[in-house]
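Following the hints, put chain V in place on chain B, whose structure we already have.
There are 2 protein chains.
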Amino acid sequence: MNRIWVVGMGPGSEEQMTLQAREALADCDVIVGYTVYVELLKKLWPDKEYRTTPMRQEAERCRMAFEEAKDGRKVAMVCSGDAGVYGMAGLMLELAKEYPDCSLEIVPGVTAALAGGALLGAPLGHDFAVISLSDLLTPWEKIEKRLRLAAQADLSICIYNPSSRKRAGYLKRACDILLESIEEERVCGLAVMIGREGEYSEVLTLRELRERQADMFTTVFIGNSQTRKIGGRMVAPRGYRI
Amino acid sequence: MNRIWVVGMGPGSEEQMTLQAREALADCDVIVGYTVYVELLKKLWPDKEYRTTPMRQEAERCRMAFEEAKDGRKVAMVCSGDAGVYGMAGLMLELAKEYPDCSLEIVPGVTAALAGGALLGAPLGHDFAVISLSDLLTPWEKIEKRLRLAAQADLSICIYNPSSRKRAGYLKRACDILLESIEEERVCGLAVMIGREGEYSEVLTLRELRERQADMFTTVFIGNSQTRKIGGRMVAPRGYRI
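Quick mapping for you: the protein sequence lines, in order, are chains B and V. Under the working numbering, the residues of the first sequence are numbered 411 to 652, in order. Under the working numbering, the residues of the second sequence are numbered 411 to 652, in order.
Chain B on its own, in the form it takes in the complex:
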C-alpha cells in the first residue's frame, strides 16, 4: 500500500504544527499543496520536492498526490489549518476509490477558528458554528440561511473566507443578515494573518465590523449574547460562577 498523509499544517508557523504533522512533512518525499501554503513550507524544508496547483484546481491537485504516491513516493498533501475543515481530506477520500493501491492517513491541525480564537481570547468558549462565506461551491441562499439560523440559535459564529477580490461586499451582506436578530453592539472580533508576519487581531462591535474590508487572510468572530470584552479580549463565557 502506498500511503498518503493529508496534513493539517495549522495556521502557518512551525510552532503551531502538531508533532505528527511536522513529522509527516519532514519524512515525505513530495509535498503537494496550494501555492500560498507551500511557500510557507519551503522556508522550513527548502530541499523537498514541491508540487502545486493554484486555487480552483483542487481535484487536479489531489490527483497529482495520488499519481506521485502510485510511483512509490512518500507524499504529503498539505492543507492550511486542519486537514478536514474546508480542507482536502474530503476530496482525497472521494477520489481514493480510483486509486485502490493508495491508503490515506488524515493528520488534524489547528484550524483558524482555534488559532484566531486564542489570539482574540476565548471567543469559542461555548457552542459555536463555523460558516464559510465562499459561494464558489455553495449557493449564497444556503449561506444566508445558515447565518440566520446560527444567530437565532445564539451560537457564537466563526466566519471563514469573509471576502475576496470577487466577493468584496460579502462580509457586509453577512452582517446585515446577522443584524436582523443581533444587536449592533454585539462583541465581535477579527484575526488577520494568524501565525504569520503581520499577525493582527481586534475586538469590535458588529456595527463596526459591517464597515470593515476583510480579505482571504481574515477570520471573523461573532459573539453570542453572553460574549463580553474583558481586558481588551473577546470572551464567550461557559457560565462558571466566580
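Wrong hints could be hidden among the right ones.
If chains are identical, the list can't say which one is meant, so a pair holds when it fits in one copy or spans any two.
Said to hold, decoys possible - With a cut-off of at most 35 Å between alpha-carbon atoms, the simulated DSBU-like pairs for lysine-lysine come out as follows:
#	residue 1	residue 2
1	K480	K576
2	K480	K552
3	K582	K458
4	K582	K552
5	K639	K552
6	K639	K484
7	K480	K453
8	K480	K639
9	K507	K458
10	K453	K552
11	K507	K639
12	K480	K555
13	K555	K639
14	K453	K555
15	K582	K555
16	K484	K453
17	K452	K552
18	K452	K576
19	K458	K552
Rather than coming from a laboratory, the hints here were simulated on the basis of the structure. Since the structure is predicted, the reported quantities are computational estimates derived from the model, not experimental observations.
Just chain V now, kept in the frame of chain B:
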C-alpha cells in the same frame, strides 16, 4: 509580569500536541489541570509539579494557577483539546482582573472535533456547529433549541459531552430532536478515546446512534444532507466537481 500559559494539549497523545504546547509544558514549573488530563501528562513529564482539582471546581483550579504564578513560578494551566473550546481560557481571562500582576498567553490545540474528525474521515469538510449536551451550566431548553436550528440550517453537528452517568439519556433525547428534521438514515459517526489507548471510531446511521450509550470520552458527529459513507469513512463533501 508573571506569565501563565493556558495550553490546549490536544486529545491526549504527545504527537497531537503542537510544538508550542509541548514547549510550554516542558518549560513550566507547575502544571495545573483537571485530574484525568494531568494523569496523561505525568507519563510524559514525571518530574514536574502538578496541581489538580476535580470536575466542578474549575474556578478554584484557575485561582490555583494564578496563586502559583504570583509566587513567581512558571505555570501552565492545561486543557484537553483546545484551550478555548469548552476550555479554561475564558474563565482564566474572566479572573485575570483580580491578578493584575499576571498575564495570560493562550496556546490553541487540536480539539476533539478535529481529531475525531480525522479519525472518521472528513465529517467537518463544510459548515458545522459544535454543541455540548452538558446542562450543568446551560439550560437544556437552550441546548435543544441550538440542536433544532443547527439541523434546520443543514450544518454538520459535532456533539461534545454527549452523556455521563448523571445524564444517561441525553444523547437519545438529542437524537429525537434531530429526527424532527433529519431522516433516520443520515450518516453519523462516533469517535471514542481519541489519541488514547482504546481509540475507536464508527460510522453509523442516526437511527443506530439513537440506541447507543455514549460516555464522556465520546465525540459524536451528525452529517449534513450531503454527508456520505465512502470506503467506510464519513465525508461531508465541500462540493468540488470530480
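So, going through the hints one by one against the coordinates:
no. : hint         : result
1   : K480 to K576 : neither (37 Å within a copy, 51 Å between copies)
2   : K480 to K552 : neither (38 Å within a copy, 50 Å between copies)
3   : K582 to K458 : neither (42 Å within a copy, 50 Å between copies)
4   : K582 to K552 : both (17 Å within a copy, 28 Å between copies)
5   : K639 to K552 : both (31 Å within a copy, 23 Å between copies)
6   : K639 to K484 : between (47 Å within a copy, 26 Å between copies)
7   : K480 to K453 : within (27 Å within a copy, 39 Å between copies)
8   : K480 to K639 : between (52 Å within a copy, 24 Å between copies)
9   : K507 to K458 : within (28 Å within a copy, 48 Å between copies)
10  : K453 to K552 : neither (39 Å within a copy, 47 Å between copies)
11  : K507 to K639 : between (49 Å within a copy, 12 Å between copies)
12  : K480 to K555 : neither (42 Å within a copy, 48 Å between copies)
13  : K555 to K639 : both (28 Å within a copy, 26 Å between copies)
14  : K453 to K555 : neither (41 Å within a copy, 47 Å between copies)
15  : K582 to K555 : both (15 Å within a copy, 27 Å between copies)
16  : K484 to K453 : both (20 Å within a copy, 32 Å between copies)
17  : K452 to K552 : neither (38 Å within a copy, 47 Å between copies)
18  : K452 to K576 : within (29 Å within a copy, 51 Å between copies)
19  : K458 to K552 : neither (41 Å within a copy, 51 Å between copies)
Hint compliance for this structure: hints 1, 2, 3, 10, 12, 14, 17 and 19 are broken, all remaining hints hold.
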